[in-house]
Amino acid sequence: AQSVTQPDIHITVSEGASLELRCNYSYGATPYLFWYVQSPGQGLQLLLKYFSGDTLVQGIKGFEAEFKRSQSSFNLRKPSVHWSDAAEYFCAVDGAQKLVFGQGTRLTINP
Amino acid sequence: DTGVSQNPRHKITKRGQNVTFRCDPISEHNRLYWYRQTLGQGPEFLTYFQNEAQLEKSRLLSDRFSAERPKGSFSTLEIQRTEQGDSAMYLCASSLEGSVSYEQYFGPGTRLTVT
Chain H
1 AQSVTQPDIH
11 ITVSEGASLE
21 LRCNYSYGAT
31 PYLFWYVQSP
41 GQGLQLLLKY
51 FSGDTLVQGI
61 KGFEAEFKRS
71 QSSFNLRKPS
81 VHWSDAAEYF
91 CAVDGAQKLV
101 FGQGTRLTIN
111 P
Chain L
1001 DTGVSQNPRH
1011 KITKRGQNVT
1021 FRCDPISEHN
1031 RLYWYRQTLG
1041 QGPEFLTYFQ
1051 NEAQLEKSRL
1061 LSDRFSAERP
1071 KGSFSTLEIQ
1081 RTEQGDSAMY
1091 LCASSLEGSV
1101 SYEQYFGPGT
1111 RLTVT
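Chains as they are written, first to last, in my numbering: chain H, 1 to 111; chain L, 1001 to 1115.
The set of hints was computed from the structure by calculation and includes no laboratory data.
It is possible that some hints are incorrect.
Said to hold, decoys possible - Between beta-carbon pairs, the in silico distance windows are:
#	chain 1	residue 1	chain 2	residue 2	range
1	H	S52	L	Q1050	19 to 27 Å
2	H	P111	L	E1056	43 to 51 Å
3	H	N110	L	T1038	24 to 32 Å
4	H	S70	L	R1015	45 to 53 Å
5	L	S1073	H	S14	43 to 51 Å
6	H	L56	L	S1066	41 to 49 Å
7	L	S1062	H	G16	43 to 51 Å
8	L	G1072	H	T30	29 to 37 Å
9	L	G1085	H	T55	39 to 47 Å
10	H	N110	L	Q1017	28 to 36 Å
11	L	T1076	H	P111	39 to 47 Å
Unchecked claim - Below 20 Å or equal to it, Euclidean Cα-Cα: the simulated SDA-like pairs (lysine to any residue) are:
#	chain 1	residue 1	chain 2	residue 2
12	L	K1011	H	G43
13	H	K49	L	G1098
14	H	K49	H	T30
15	L	K1011	H	P40
16	L	K1057	H	A96
17	H	K49	L	E1103
18	H	K49	H	E15
19	L	K1057	H	P40
20	H	K49	L	L1096
21	H	K68	H	P7
22	L	K1057	H	D94
23	H	K49	L	E1097
24	L	K1057	H	Q97
25	L	K1057	H	Q2
26	L	K1011	L	E1083
27	L	K1057	H	G95
28	H	K61	L	Y1105
29	H	K49	L	Y1105
30	L	K1057	H	A1
31	H	K49	L	E1044
32	L	K1011	H	G41
33	L	K1011	L	K1057
34	H	K61	L	E1103
35	L	K1011	L	T1038
36	L	K1057	L	G1040
37	L	K1011	H	Q42
To be verified - Just some of the chain L residues that point at chain H, by a computed CB distance under 10 Å:
#	residue
38	V1004
39	N1007
40	R1031
For each residue, glycine too, the CB sits at the ideal point set by N, CA and C.
Okay, chain H solo, but in the shape it has when bound (with noise of 0.2 Å):
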């Protein structure tokens, strides 16, 4: 069964500072990927996704992420964070028409 880890439940940085949020991933076959984000009271906004192709897909917000098969992981990444990027991220992966996600990493913004 597909599965998703994302091994970070909170992290912090500076504004400013560069993010990495770790997602690995567990499927047979090429993955569907997908970085939802959620900030409070809100539902999930979607800043990325890859399906085939070039393995690091630029996303909204400044976001990007860079897919690698042979260690099964979809980092997402942002070279300086901004204060309204504080909110719960989740990877996600395509599981036979529904998706199946992480967890979620809360990122808090240190001003």
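The hints should help you fit chain L onto chain H, whose structure is shown.
Leaving out everything else, chain L in the frame of chain H:
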């Protein structure tokens, strides 16, 4: 495109009562999904529809839960005889089958508290 809407946004109910939630997907989307999210966890799949047909149900969806999408537009999720363990955020999402982007658009969710 007005986005996915869900009503109510919050529901507080007593154990044993029945509750019903509504989801209105993006108008041209033929797929509709329900997920449940408990505190500190990622969303978990419950069920999905293609048009009015319910194509898959998770084993999380006990017999107290029922979902419908009678005309292939809005959907309802009913929980009968609610239990405290049903307290969660219930998320609805929609997508367009066959679209290149295969993106699920999520609504704001309905937060259920069972007392």
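Verification of the supplied hints:
Look at S52 (chain H) against Q1050 (chain L): about 24 Å separates their beta carbons, and that is inside 19 to 27 Å. Between P111 (chain H) and E1056 (chain L) the beta carbons are some 45 Å apart, a value that agrees with the proposed interval 43 to 51 Å. Between N110 (chain H) and T1038 (chain L), the C-beta spacing of about 28 Å keeps the proposed range 24 to 32 Å intact. In this structure the supplied range 45 to 53 Å holds for S70 (chain H) paired with R1015 (chain L), their Cβ-Cβ distance being about 50 Å.
One distance hint, 43 to 51 Å for the beta-carbon pair S1073 (chain L) and S14 (chain H), holds here, with the actual separation near 47 Å. Restraint check, L56 (chain H) to S1066 (chain L): a C-beta distance of roughly 44 Å satisfies the suggested window 41 to 49 Å. In this structure the hint that S1062 (chain L) and G16 (chain H) lie 43 to 51 Å apart at CB holds, the actual value being about 48 Å. Checking the proposed 29 to 37 Å range against G1072 (chain L) and T30 (chain H) shows it holds: the Cβ atoms sit about 31 Å from each other.
Taken as a hint, the range 39 to 47 Å holds for the pair G1085 (chain L) and T55 (chain H), whose Cβ atoms sit roughly 41 Å apart. Taken as a hint, the range 28 to 36 Å is violated for the pair N110 (chain H) and Q1017 (chain L), whose Cβ atoms sit roughly 44 Å apart. Checked against the given bound of 39 to 47 Å, the beta carbons of T1076 (chain L) and P111 (chain H), roughly 44 Å apart, stay inside it. For the hint linking K1011 (chain L) to G43 (chain H), the alpha-carbon distance of about 16 Å falls within 20 Å, and the restraint holds.
Annotation: proposed proximity of K49 (chain H) to G1098 (chain L) holds, straight-line Cα distance about 16 Å (limit 20 Å). A threshold of 20 Å between alpha carbons decides the hint, and for K49 (chain H) with T30 (chain H) the separation of about 13 Å falls inside it, so the pair holds. Under the criterion of a C-alpha separation no larger than 20 Å, the hint pairing K1011 (chain L) with P40 (chain H) is consistent with the structure, at around 17 Å. For the proposed pair K1057 (chain L) and A96 (chain H), the alpha carbon gap of about 13 Å is at most 20 Å, so the pair holds.
Between the alpha carbons of K49 (chain H) and E1103 (chain L) the distance comes to roughly 9 Å, so the proposed pair stays at or under 20 Å and holds. The suggested pairing of K49 (chain H) with E15 (chain H) is violated, with an alpha-carbon distance near 25 Å, which exceeds 20 Å. Under the criterion of a C-alpha separation no larger than 20 Å, the hint pairing K1057 (chain L) with P40 (chain H) is inconsistent with the structure, at around 28 Å. Distance restraint check for K49 (chain H) and L1096 (chain L): the Cα-Cα separation of roughly 16 Å lies within the 20 Å cut-off, and the hinted pair is therefore satisfied.
For the proposed pair K68 (chain H) and P7 (chain H), the alpha carbon gap of about 16 Å is at most 20 Å, so the pair holds. For the suggested pair K1057 (chain L) and D94 (chain H), the alpha carbons sit about 16 Å apart, so the restraint of at most 20 Å is met. Of the pairs offered as hints, the one joining K49 (chain H) and E1097 (chain L) holds, with about 17 Å between alpha carbons and a cut-off of 20 Å not exceeded. Between K1057 (chain L) and Q97 (chain H) the CA atoms are separated by roughly 12 Å; this keeps the pair inside 20 Å, and the hint holds.
Restraint check for K1057 (chain L) and Q2 (chain H): satisfied, since their Cα atoms lie roughly 16 Å apart, inside the 20 Å limit. Restraint check: the Cα-Cα separation between K1011 (chain L) and E1083 (chain L) comes to about 14 Å, which is no more than 20 Å; the hinted pair holds. For the given pair, K1057 (chain L) sits about 13 Å from G95 (chain H) by alpha-carbon distance, which is consistent with the 20 Å threshold. Straight-line distance between C-alpha atoms of K61 (chain H) and Y1105 (chain L) comes to about 17 Å, which keeps the hinted pair within the 20 Å bound.
Between K49 (chain H) and Y1105 (chain L), the direct Cα distance comes to roughly 13 Å. Compliance with the 20 Å bound is thereby established for this hinted pair. Among the hinted pairs, K1057 (chain L) with A1 (chain H) is consistent with the structure: their alpha-carbon atoms are about 16 Å apart, no more than 20 Å. As the CA atoms of K49 (chain H) and E1044 (chain L) are separated by approximately 19 Å, the hinted pair is consistent with the 20 Å bound. Taking the CA atoms of K1011 (chain L) and G41 (chain H), the gap is about 14 Å. The hint holds against a cut of 20 Å.
With a CA separation close to 23 Å, the supplied pair K1011 (chain L) and K1057 (chain L) exceeds the 20 Å bound. Restraint check for K61 (chain H) and E1103 (chain L): satisfied, since their Cα atoms lie roughly 17 Å apart, inside the 20 Å limit. Straight-line distance between C-alpha atoms of K1011 (chain L) and T1038 (chain L) comes to about 15 Å, which keeps the hinted pair within the 20 Å bound. Distance restraint check for K1057 (chain L) and G1040 (chain L): the Cα-Cα separation of roughly 23 Å exceeds the 20 Å cut-off, and the hinted pair is therefore not satisfied.
With a C-alpha separation of about 16 Å, the suggested pair K1011 (chain L) and Q42 (chain H) falls inside the 20 Å cut-off, and the hint holds. A least Cβ separation of about 7 Å between V1004 (chain L) and chain H falls short of the 10 Å threshold, and the interface hint therefore holds. The restraint placing N1007 (chain L) at the interface with chain H is violated, with a minimum CB-CB distance near 13 Å, outside the 10 Å limit. Of the supplied interface hints, the one on R1031 (chain L) holds, with its beta-carbon coming within about 8 Å of a beta-carbon of chain H, less than 10 Å.
Against the hints set out earlier in the document, violations occur for numbers 10, 18, 19, 33, 36, 39.
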